[in-house]
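Participant: Following the hints, position chain B against chain A.
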Amino acid sequence: MKADEILMDEIRAGNSQAFDVLIYRYEKSILNYLYRWVGDFHHAEELCQEVFLRVYKSALRFDSNQKFSSWIYRIANNLCIDEYRKNKHVKKIDIEGIEVPSDENLEEIVEKQELQECVKKAVMALPESHRAVLILKHYQNLSYNEIGEILNCPVGTVKSRMHYALMELKKALLK
Amino acid sequence: MTCKNIKSELVHFIYGEVTPEIKTDIKEHLSICSECKREFDSLVNTREMLNNWKDITPSEEFQRILNESLKVCDREEDVSNLELIKGAIFSMIKTLSPGMCGMVVTTFMVLVMAAKVEIINLNPILLIICGVFWSGIYSMVFDLAIKNGSSSDKVRMRELLGLNLKYSVYFAFLALFIGLILLLSLSIMSYSQEFLYSFIPLFISAYFIVRKVHYSYVLHGIFLGILYILMIGPVLYMQCLNFQFSVYVLMILSSSLGALAGGATGAWISSRVLFQVSRRHV
Numbered sequence: 001m002k003a004d005e006i007l008m009d010e011i012r013a014g015n016s017q018a019f020d021v022l023i024y025r026y027e028k029s030i031l032n033y034l035y036r037w038v039g040d041f042h043h044a045e046e047l048c049q050e051v052f053l054r055v056y057k058s059a060l061r062f063d064s065n066q067k068f069s070s071w072i073y074r075i076a077n078n079l080c081i082d083e084y085r086k087n088k089h090v091k092k093i094d095i096e097g098i099e100v101p102s103d104e105n106l107e108e109i110v111e112k113q114e115l116q117e118c119v120k121k122a123v124m125a126l127p128e129s130h131r132a133v134l135i136l137k138h139y140q141n142l143s144y145n146e147i148g149e150i151l152n153c154p155v156g157t158v159k160s161r162m163h164y165a166l167m168e169l170k171k172a173l174l175k
Numbered sequence: 001m002t003c004k005n006i007k008s009e010l011v012h013f014i015y016g017e018v019t020p021e022i023k024t025d026i027k028e029h030l031s032i033c034s035e036c037k038r039e040f041d042s043l044v045n046t047r048e049m050l051n052n053w054k055d056i057t058p059s060e061e062f063q064r065i066l067n068e069s070l071k072v073c074d075r076e077e078d079v080s081n082l083e084l085i086k087g088a089i090f091s092m093i094k095t096l097s098p099g100m101c102g103m104v105v106t107t108f109m110v111l112v113m114a115a116k117v118e119i120i121n122l123n124p125i126l127l128i129i130c131g132v133f134w135s136g137i138y139s140m141v142f143d144l145a146i147k148n149g150s151s152s153d154k155v156r157m158r159e160l161l162g163l164n165l166k167y168s169v170y171f172a173f174l175a176l177f178i179g180l181i182l183l184l185s186l187s188i189m190s191y192s193q194e195f196l197y198s199f200i201p202l203f204i205s206a207y208f209i210v211r212k213v214h215y216s217y218v219l220h221g222i223f224l225g226i227l228y229i230l231m232i233g234p235v236l237y238m239q240c241l242n243f244q245f246s247v248y249v250l251m252i253l254s255s256s257l258g259a260l261a262g263g264a265t266g267a268w269i270s271s272r273v274l275f276q277v278s279r280r281h282v
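Residue numbers (this note's numbering), protein chains in the order written: chain A, 1 to 175; chain B, 1 to 282.
This is chain A alone, in the form it adopts within the complex:
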């Protein structure tokens, strides 16, 4: 299997099939990352398309010495921040006001959906910098070092954001 960075070299040389391989490799993880940022499937798909378009457009600027996965996540993250700022006026969810369904009925499908909705609300109520770290760590399963590279911050900052994020979620979800 060719490394992502080699595929990027091939894209630069004009091989569009290499780009298809990259899309195949990353579409699901990038889509899910975006989805957990914006909370809406269709919006996440639109943003995901924009991420791949940006990757394609700026393929020449990609430095083969850096890791492709960090680069594409950074593009996705920047796009999310832009979106978040554009929609700043949208009413924020209050993390304290989230109601979690009771344990007894958790088996019920409807309540499972409710639980998913609660988790979604709780994650989306986190401050943007903490949310990014939580999504990258918990849902994307990246290491703190990689997260630091993507968000352009030291590992210590990633650690403290992750700690804060999980503590906030614990408060919100285990009431």
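Rather than coming from a laboratory, the hints here were simulated on the basis of the structure. Built from N, CA and C at the ideal position, the CB exists for glycine as well. Keep in mind that a hint or two might mislead.
[As the list claims (entries may be wrong)] Each computed DSSO-like pair below joins lysine-lysine, with the alpha-carbon atoms no more than 27 Å apart:
#1 B:Lys37 / A:Lys171
#2 B:Lys71 / A:Lys57
#3 B:Lys71 / A:Lys171
#4 B:Lys54 / A:Lys112
#5 B:Lys71 / A:Lys2
#6 B:Lys7 / A:Lys121
#7 B:Lys23 / A:Lys171
#8 B:Lys7 / A:Lys171
#9 A:Lys170 / B:Lys4
#10 B:Lys23 / A:Lys170
[Stated by the list, open to error] Simulated coverage check for chain A against chain B, where a stretch passes if three residues somewhere in it have a Cβ under 8 Å from a Cβ of chain B:
#11 19-33
#12 36-44
#13 49-62
#14 119-128
#15 134-145
#16 156-169
Facilitator: The following block gives chain B in isolation, referenced to the frame of chain A:
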């Protein structure tokens, strides 16, 4: 490790981001401390609850729409270094010429006032040439920094200049403050009120800042102008005391060096700022 230390590492422990030594310490501690164990269990529960938010998969339309968008999207073209430099020079002249004019006018007015009251005896043309040279170096490096940064998209570049407003305002107020102190000192030193006329361009600049008229250009110019005056300050001082060196040679050298140093510093500062901003706009 104390309970406090253990609690601060629990989140990282759960996600497998602790060193083997800390991992062993935490495991041992959890087997004997019920309070920390409770905290650990609640964090594990939280993590498990997060898994209720399920992954999604791209729709069938996703690939088709993306392929269509890719067909119409233009990829950035590779440009040679010569074209990059040509573009940078053109862009420098186009975007920073008002700033250069602002800088020349500010410098010129202060120096003419200084010459008028016979504190100094300078050749203003020489100073203007040095000033333009400095501004040129500064803006060229500035422009190249933008072009070689992670964002070369033209639309993004405009956004970058817009976002730079915050820093420009800081620089401008700093420049105004330094300029006012400088002019006031010259007025006191020369026992002359004529220096006070030099406040005029500074007040005009302040007006531009307040009205945000071409802030990025005007402010760069003012910033450069004031720094330039500060750079040649020591030379002016030496001349006031009738220093016995070949003053003109010294002036050319120090002004050129000052220009280079100032340009490089300015470019470094702005490129740092821009890179920070542009990382957010890949």
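Participant: Is Lys23 of chain B close enough to Lys170 of chain A, meaning Cα to Cα at most 27 Å?
Facilitator: 22 Å, holds
Participant: Check whether the Cα positions of Lys71 of chain B and Lys57 of chain A lie no farther apart than 27 Å.
Facilitator: 11 Å, holds
Participant: Are there three or more residues in the region 119-128 of chain A whose C-beta lies within less than 8 Å of some C-beta in chain B?
Facilitator: Holds, because 3 residues of the region 119-128 of chain A bring their Cβ atoms closer than 8 Å to Cβ atoms of chain B.
Participant: With a cut-off of 8 Å between beta carbons, are at least three residues of the region 36-44 of chain A near chain B?
Facilitator: holds (count 3)
Participant: Within a Cα-Cα threshold of 27 Å, do Lys7 of chain B and Lys121 of chain A meet the stated pairing?
Facilitator: 26 Å, holds
Participant: Please work out if Lys37 of chain B and Lys171 of chain A have their alpha carbons no farther apart than 27 Å.
Facilitator: 17 Å, holds
Participant: Just to make sure I understand the rule, a stretch counts as covered if three or more of its residues have a C-beta closer than 8 Å to a C-beta of the chain. Does the region 49-62 of chain A meet that for chain B?
Facilitator: holds (count 10)
Participant: Starting from Lys23 of chain B, check that the Cα of Lys171 of chain A is at most 27 Å away, please.
Facilitator: With a Cα-Cα distance of about 25 Å, the restraint between Lys23 of chain B and Lys171 of chain A holds, given a limit of 27 Å.
Participant: Holds or violated: are the alpha carbons of Lys7 of chain B and Lys171 of chain A at most 27 Å from each other?
Facilitator: Cα-Cα ~15 Å, so holds.
Participant: Between the alpha carbons of Lys170 of chain A and Lys4 of chain B, is the straight-line distance 27 Å or under?
Facilitator: Measuring from Cα to Cα gives roughly 18 Å; hence the hint holds.
Participant: Do the alpha carbons of Lys71 of chain B and Lys2 of chain A lie within 27 Å of each other, as the hint requires?
Facilitator: 25 Å, holds
Participant: Checking C-beta pairs, does the region 156-169 of chain A have three or more residues closer than 8 Å to chain B?
Facilitator: Coverage by chain B holds for the region 156-169 of chain A (6 residues, Cβ < 8 Å).
Comparing the model with each numbered hint stated earlier shows that hint 3 is the single one that does not hold.
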